[in-house]
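**Q** Next come the chains, spelled out residue by residue.
Number of protein chains: 4
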Amino acid sequence: MKDKAEAEAEANFTTRNVYTDWITDNIRYCDLDPNGHVNNGAINAFFEDGRVQFRMDRMGHYSEDILTGFVLVKFSVEYLKALNYPGSIDVGTLVSNIGRTSYLLKQGLFRDEECIAIAEVVTVCFNKETEKAELIDDDLRGILEKAQKIIAL
Amino acid sequence: MKDKAEAEAEANFTTRNVYTDWITDNIRYCDLDPNGHVNNGAINAFFEDGRVQFRMDRMGHYSEDILTGFVLVKFSVEYLKALNYPGSIDVGTLVSNIGRTSYLLKQGLFRDEECIAIAEVVTVCFNKETEKAELIDDDLRGILEKAQKIIAL
Amino acid sequence: MKDKAEAEAEANFTTRNVYTDWITDNIRYCDLDPNGHVNNGAINAFFEDGRVQFRMDRMGHYSEDILTGFVLVKFSVEYLKALNYPGSIDVGTLVSNIGRTSYLLKQGLFRDEECIAIAEVVTVCFNKETEKAELIDDDLRGILEKAQKIIAL
Amino acid sequence: MKDKAEAEAEANFTTRNVYTDWITDNIRYCDLDPNGHVNNGAINAFFEDGRVQFRMDRMGHYSEDILTGFVLVKFSVEYLKALNYPGSIDVGTLVSNIGRTSYLLKQGLFRDEECIAIAEVVTVCFNKETEKAELIDDDLRGILEKAQKIIAL
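Residue numbers (our numbering), protein chains in the order written: chain D, 15 to 167; chain E, 15 to 167; chain W, 15 to 167; chain X, 15 to 167.
Treat the hints with care, since some could be wrong.
Intra- or inter-copy, both count: the list cannot distinguish identical chains.
What the hints assert, rightly or not - The list that follows gives simulated cross-link-like pairs (lysine-lysine, BS3-like), each with its CA atoms no further than 27 Å apart:
| hint | residue 1 | residue 2 |
| --- | --- | --- |
| 1 | K95 | K160 |
| 2 | K146 | K88 |
| 3 | K142 | K88 |
Just so you know, these hints were derived from the structure itself, not from any lab.
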């Protein structure tokens with residue numbers, strides 16, 4: 015259902031070199047499903063760890079409770095390959111788009127050079143007191159732009 | 015970033031009455047994140063339970079290892095509201111589209127009448143021996159069509 | 015390694031009627047391990063839910079952050095039977111012993127009348143400011159004594 | 015409720031140097047509970063990973079489905095310290111006792127030199143066809159004895 019341009023653009027996110035920020039996670043035995051593969055819940059948790067580390071590395075100085083000041087509003091993941099126990103994986107993250115109150119991350123989960131899954135994540139800046147989205151301020155915009163990957167598709 | 019038609023169409027999936035198949039799950043204390051909200055991993059697991067039950071109810075007679083003959087290739091979720099402990103939630107599922115080798119499910123997670131999250135899921139029929147997608151046969155197509163929700167958007 | 019008296023005493027905890035407080039939890043597909051059985055992590059989470067509910071029911075009025083004012087210091091579980099998906103289970107809890115700064119709970123996990131696992135849990139009353147154990151005060155002792163099951167072994 | 019000898023003996027298991035087999039696991043953001051500490055479920059999963067790795071390292075050649083031929087019948091854990099995100103931990107494992115059909119492992123979970131939790135685990139050798147415990151044969155006994163830590167308490 016994708017056209018050719020979309021397919022080509024997406025293909026880029028299955029290669030390690032597009033990502034700017036990285037973490038390594040290890041697979042646990044309890045991640046296995048009845049087929050003996052790592053379950054989707056674990057894969058989603060690996061992506062979450064990539065995002066949390068991204069925020070700590072890039073925004074750690076920006077706010078004391080930076081880990082709780084954002085709300086994940088949309089998460090899309092494509093599962094490309096099965097993943098087996100034991101071992102470790104790497105998650106790459108990049109800023110793909112910066113909007114008024116939200117920003118878009120792309121993420122890739124790799125076992126060595128093999129791409130296991132890719133994800134797209136919309137995060138909204140959220141004011142916990144008003145419980146409303148709020149504008150990305152200049153400081154935060156600067157941080158995100160610095161991390162933004164300009165990809166010629 | 016959505017146009018009006020898309021927004022209206024999606025809005026339908028936040029109401030209980032569009033869904034054909036239902037499960038009830040309960041929240042566990044270990045589902046809570048440091049903000050005291052149910053974490054996204056638990057929400058994704060609730061959607062998974064909805065899909066597994068859908069397959070057992072609708073396809074239980076179709077194949078002995080019906081639970082392992084499909085592969086989830088794409089999962090997209092929109093988180094609309096925070097969810098608190100304790101309590102139970104309901105997940106509704108419907109067949110939205112049937113392709114040649116894959117089908118599309120829509121799912122909604124509700125606390126009473128309140129929609130907490132909606133999801134879209136692409137599942138591919140998968141031959142474990144050849145490790146390739148295979149055509150949805152007439153039997154399975156019949157099952158899916160019976161479950162398909164024709165929604166006038 | 016148990017003597018006869020101990021063995022007989024423990025046997026009691028595999029019957030539903032000794033327990034005073036109950037919860038019902040449902041099994042999730044993601045709880046399954048590669049053998050197709052519910053994994054130990056899920057079973058331990060069911061016991062946790064029984065304890066949290068016990069505290070909310072019995073001590074909800076006692077302190078605003080009653081869920082965080084105790085620390086689990088010891089957890090022992092005996093896994094008696096395999097548990098399968100799907101379905102729901104019940105966890106029974108009773109107060110077995112009350113000490114100066116800690117109390118002992120016994121718990122049993124049941125599928126219908128069948129006992130799947132039993133647990134023993136030592137919880138210490140904990141002052142978050144001093145980070146030290148503190149005496150169980152008269153109010154709390156009263157609550158615990160009310161919930162205590164006097165079992166003639 | 016412990017006498018002095020028992021207390022001293024246990025103290026040994028909070029030092030790294032008693033353990034023979036080691037793994038390293040990393041903490042995930044989703045392991046955090048509402049207090050911001052790593053939850054007990056994650057700690058128990060770390061111990062599980064230590065046991066699985068122990069079996070793969072020591073018994074990998076012994077049987078093709080060595081990971082499924084044993085049943086955990088008893089798990090006891092003492093939680094000594096709170097554990098925070100992010101970071102990694104090490105789990106040490108040793109064989110403490112070898113019986114006729116079961117063996118006893120001791121495990122310690124460490125953050126650097128600090129002991130976070132210790133566990134004691136009874137595993138029974140299990141025949142999946144008869145669903146009964148079976149004698150530890152000479153091969154397996156040899157493997158376990160080789161891994162057994164003789165500790166002068």
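**Q** Are the CA atoms of K95 and K160 at most 27 Å apart within a copy, between copies, both, or neither?
**A** neither (31 Å within a copy, 31 Å between copies)
**Q** At 27 Å max between alpha carbons, let me know whether K146 reaches K88 within a copy, between copies, both or neither.
**A** This pair counts as within: shortest intra-copy Cα distance 16 Å, inter-copy 29 Å.
**Q** Reference check for the pair K142 and K88, CA-CA at most 27 Å: within, between, both, or neither?
**A** Classified as within: same-chain Cα gap 18 Å, cross-chain 31 Å, threshold 27 Å.
Hint check: a violation occurs at hint 1 only; the rest are consistent with the structure.
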